[in-house]
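Chains as they are written, first to last, in the working numbering: chain A, 1 to 324; chain B, 1001 to 1324; chain C, 2001 to 2356; chain D, 3001 to 3356.
You may find that some hints are simply not true.
[As the list claims (entries may be wrong)] Coverage of chain B stretches by chain C, computed from C-beta distances (three or more under 8 Å per stretch; other residues unrestricted): (1) 1094 to 1102; (2) 1125 to 1135; (3) 1176 to 1188; (4) 1228 to 1239; (5) 1286 to 1296.
[What the hints assert, rightly or not] Away from chain C, derived, C-beta distances all over 10 Å, residues of chain D: (6) Arg3029; (7) Arg3031; (8) Met3044; (9) Arg3131; (10) His3178; (11) Asn3182; (12) Lys3208; (13) Gln3209; (14) Ile3212; (15) Ala3220; (16) Asp3288; (17) Leu3319; (18) Val3323; (19) Phe3325; (20) Asp3345.
[Unchecked claim] Not the full set, but computed from the structure, chain A residues with beta-carbon under 7 Å of chain D: (21) Asp30; (22) Thr33; (23) Asp55; (24) Pro57; (25) Ser59; (26) Ser61; (27) Cys89; (28) Ser124; (29) Phe126; (30) Ala244; (31) Ala247; (32) Leu263; (33) Phe299; (34) Ser300.
Since the hints were derived computationally from the structure, they do not count as laboratory data.
Even for Gly, the Cβ is constructed at its ideal location relative to N, Cα and C.
Each chain, letter by letter, is given below.
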Amino acid sequence: MAVVTYLEAIRQALWEEMEQDERVFMLGQDIGTYGGAFRVTSGFLERFGPERIIDTPISESAMVGCAIGASMMGLRPVVEMQFIDFIACSFNQMVNFAAPNHYRWGQSVPIVVRGPSGGNVHGSAFHSQNPEAFFHHAPGLKIVSPATPADARGLLKAAIRDPNPVLFCEHKYLYRRIKEELPAGDGLVPIGKARLAREGRHLSVITWGAMLHVALEAAGRLEADGIDLEVLDLRTIKPLDQEAILATVRKTSRVIVLTEEQLTGSVAGEVASRISEHAFPWLDGPVVRLCCPDTPVPFSPTLEEAYLPNVDKLVAKVRELASY
Amino acid sequence: MAVVTYLEAIRQALWEEMEQDERVFMLGQDIGTYGGAFRVTSGFLERFGPERIIDTPISESAMVGCAIGASMMGLRPVVEMQFIDFIACSFNQMVNFAAPNHYRWGQSVPIVVRGPSGGNVHGSAFHSQNPEAFFHHAPGLKIVSPATPADARGLLKAAIRDPNPVLFCEHKYLYRRIKEELPAGDGLVPIGKARLAREGRHLSVITWGAMLHVALEAAGRLEADGIDLEVLDLRTIKPLDQEAILATVRKTSRVIVLTEEQLTGSVAGEVASRISEHAFPWLDGPVVRLCCPDTPVPFSPTLEEAYLPNVDKLVAKVRELASY
Amino acid sequence: MAKLSSKSWGPLHPQTEQTDKLARTELPRERQLDLYRFMKLTRMVEGRLGNLYRQGKVVGGLYSSLGQEATSVGSAYALDPQDVVGPLIRNLGTMLVRGVQPREVMMQYMAKSDSPTGGKDANTHFGDISRGLVAPISMLGAVIPVMAGVALAGRKLGKDLVAMTYIGDGGTSTGDFHEGLNLAAVLNVPFVLVAEHNGWAYSTPTSKQMRIQNIATRAAAYGIPGETVDGNDVLAVYEATRRAVERARRGGGPSLIEAKTFRMKGHAEHDDAGYVPAEQFEVWKKKDPIERFERHLLGNGLATEEELRAITADIDSRLNAEVDFALASPMPPPERAFEGVYAEDAGTGNGKGGVV
Amino acid sequence: MAKLSSKSWGPLHPQTEQTDKLARTELPRERQLDLYRFMKLTRMVEGRLGNLYRQGKVVGGLYSSLGQEATSVGSAYALDPQDVVGPLIRNLGTMLVRGVQPREVMMQYMAKSDSPTGGKDANTHFGDISRGLVAPISMLGAVIPVMAGVALAGRKLGKDLVAMTYIGDGGTSTGDFHEGLNLAAVLNVPFVLVAEHNGWAYSTPTSKQMRIQNIATRAAAYGIPGETVDGNDVLAVYEATRRAVERARRGGGPSLIEAKTFRMKGHAEHDDAGYVPAEQFEVWKKKDPIERFERHLLGNGLATEEELRAITADIDSRLNAEVDFALASPMPPPERAFEGVYAEDAGTGNGKGGVV
Ligand SMILES: Cc1ncc(C[n+]2csc(CCOP(=O)(O)OP(=O)(O)O)c2C)c(N)n1
Ligand SMILES: Cc1ncc(C[n+]2csc(CCOP(=O)(O)OP(=O)(O)O)c2C)c(N)n1
Ligand SMILES: [Mg+2]
Ligand SMILES: [Mg+2]
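Work out the full structure: start from the sequences and follow the hints.
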């Protein structure tokens, strides 16, 4: 099988689910004729027609609301945010309508809201956000953030089939930079399961998304130092795979949570706090977070580089913690 | 001086700041003739007139946006959310307009957005929320959540005088239940400083808002067991008073973070993770969180009681951790 | 400093020309009596709820539609069985027309275990897709795009259904009102929005909510039909809604119906509405939708006083049983608080808060 | 399954009756030449930016107002010095009229240290209250209520100022458009909203954005004046804005002005606008606002060809210096990333991203 990009994997997942399941349809801005700002839905309008590929007005709140209503009737809407940052405009629909609905009156809301997230493309404050941390406090939501093409495809399919509202964060830095062969068949990846991306003995890095690749590169570099990193890719942000998190900590006893989020209020904090509560006896050192500083995402490349975690910064942190 | 309620303390802070500073004005629903859903602004319209006490349409996003614009021109707007839950409708204005503005182009946005938060009044999912966790990931915001009348007054005054956007969460359960004498004068309480509400030797409880009173009651009860609780009231949620947090942990080496939030993505997680990163050598046991389960706030009293932390649950957790 | 002049755009609550005469209808006698029954039922259920409230049995606030029964009942009665509606807190009449049992609402208000949400949510906040009912959230306006989505799904599934929901004068100021109606219009989905213009949003008069007199004016902003009707004339509301529903079903897209009515109580039971000028209550008391409809029925020989009294007596005795049933339900078991956050399977609501 | 019929509500981009003849004005020759200068400057700055983009010097996307210069320039020129405006990304002309230097914008696009935001934010996303400029955020519509707040503050402070901002046809679908305009109307603040109806929102034609032909129709929903003008006639835009600004200053409240124009490029430089039917470009090419204004100036004896050429040459030579200055600015020092999240003191913007 040919290697495909992360973006192509997402495209395939959407295409295949739409082929297999008549109930699946999409709402988004410029997803029809234009095929989406990032061309994820290129060719979809021609194949599936305007009743299933719906170009919407610039109304994120109504887009999500409309998806919620359609999902209650048994359909499987997928909403594209042109940039995931704009999901802020539909915060109320996401957090107060979709998320608690099943708990409140037993009606499931199987929607997927997906879109490009993340920085390192000089998109500045409103085209670079990682929204996971704004939504992980909303009971009833699921959040998925894949780091590889196979996971992107398998998790997006799982998200579309899931009976709950799923926020699906695609990292735009990876769209065309990461390639791999996809498994045959559906290649479904279960929501809620982390993946051990690298086995190692000395220290665990827990991460997801674009930062996975930073972790793996750092691991390679640290081999020379005789430090054997274990790397856990969370993949699902909510609900967290606490078992996998605790398992790696029990194994290595030293852990860094590496994420592309501003530090305060990060999902990394949630992960660290679960570790310190539930794996305390195994810890040989502090649970370290390597995140972004508490600033908006700055625009200029020199600033964004200072802002983002990278291989150098991770290697330094690992060395520090390894010698704790 | 007479003892006053938490609600009256808030009323006084607003009244005094409006008396002292012409630039202060209020926007809110039903704050004029009606004096606000909780009567916080009772009498304000008569005193300050309709140019300074502005009844708005039901438009939370526009209310916050309007405040942002007015603040840029040098005014000091205070926005009342009828219930703080409705701030979800202004999430974009809060997080993307107000919060990053100073970083982006150097223009300060001195607004206060305040309103009743919290549960235990059988308000169900949309009249019981604690919004802190949805906003602590927004660089540039400040978040304040007082637990006592004196702090409510002193912090609200500080919030109005602060050059940054401040989310001010009032706990509605405390409105008429908690009373004390207020200090003479302004009684300003600095934003960013926690308060040691009770000194103790054995175990620290870090908390805020209505849960402070749970912690203090539990402390009384635990005296009989010979357990001497230290209780830290955070008061400011963002920026966290990390020094005070670490100081109490260094002192007692055992800590429970007690908050009225759903566990996942809670501010409690941020606090716990800072402790486990920066006070690791001092810890004699896991950093424990006592929060709400990951569900919407349920309506029925029997359910809400099961949902909320309370003195019994805290006492049990303390006993468990004390014997770790 | 310039003065705000938000009061200068007309009367506090602009009224339609309301006479005692009701709108023309082709509805046969039996169906007109149905309308009467549902309005009466609504008012009497609310009466019972008021009693329960004063007895301290209601948990949280109690919301009344006193004086607005015609709007809920008349509009809901224009729907067909396959249609789906999202009633707001003041649309008890709508729910009753859709077949909701009074005990269900009573148990919701009393936070009982056997309530449709099993005690998880309050008051009229419950839904059941199998009965064509969607529960709103408290955030006003939010259900509008959701119902547009229901309408879209109906079309996609070939169900020939119309989706309907409500909004107050206050709720029209929300972003979701605009986004939802605009999206519905652009997608041309079968959707009807009934705006209940009752002059007040909590304590806020319409003059502080909008700079226009008629909410129906806003229909033009979306390129859809808008109509203002006498909201205290159940026949007018029925006929206007029926026209909109039929148009929607024919593929004509959404409509906005403004029903001018009046909230005869405070915002909720705790609110004495002291801010409402007494003369407004007086004016509107005379337009009570139930009394007007009684005069219509009697005056046109559609019913006798005895028949109407019999209807009332029948409702009354049936409500005794409803109240007893509701009171007998226990409070929910605490463990339920932890259940049902995630759905295990997709499916239309079982109306049990995931408890089943 | 029924078919979507969102294309059936009229032409893709409804046009006003545009002739070559421009609107009547009392503006003296010198001020008309000003308008010409600013339009020309706008186009030429964008030309330089295009060069920088092709040289790989621009960081991120480049947005153009080609063909829409009259809308930005004409509206901004109607403001007085104390007024405050919130330009969007396609309102470079507005910024230039307000006194922004081309180098500032160039440095923003190149993410340079000496840019107004010190490299923290991009393109036209900068503001400076002392120059009457508010920076928008990317989320469309959000700046509308913010400018309503600026207007409110102006009145409260007795500053006699008018606040103005813009919205695209696409942006009118946002909740904030509705909430902001409604609030401004109810508070009767001095506010002008210019809707640039250029037929497209990225690849989305107006027919999929709204079910109406004219955005000005929406003014009635807020009880404010609405007017549609030929957005490619700088005099028409100026005159309409001036009327709205004067009305606002007199206490008459907000206005909505719709300027019908056309986006002669793609959404941003990377977009070839392949989805725009070629004939639309042809039609609108003939209505180029600068060429039309040239014909007006020449035809009415307000300027000679030499004078116009001299203006162009003058701008051109001054832009050389601007480009050189901008290119010479270094990239910002990394430490700056960590500075300025919180304000230490309140105050109007220093336009330096908290760096100063
Ligand atoms: C977004 C939002 N903001 C505020 C509230 C609080 N609130 C509940 S009802 C109400 C007044 C509603 O007035 P209206 O829409 O006219 O409906 P009515 O009560 O008159 O039926 C308000 C302000 C809310 N529910 N949602
Ligand atoms: C709330 C929001 N959603 C989506 C976007 C992405 N976006 C940026 S510009 C644009 C099209 C805007 O069209 P229009 O408002 O007509 O302005 P124009 O580009 O034509 O000037 C879109 C969809 C955005 N900026 N904000
Ligand atoms: Mg009302
Ligand atoms: Mg446009």
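Taking the numbered hints from earlier one at a time, note which ones the structure violates and give those numbers from smallest to largest. 1, 3, 4, 10, 11, 12, 13, 14, 15, 30, 31, 32
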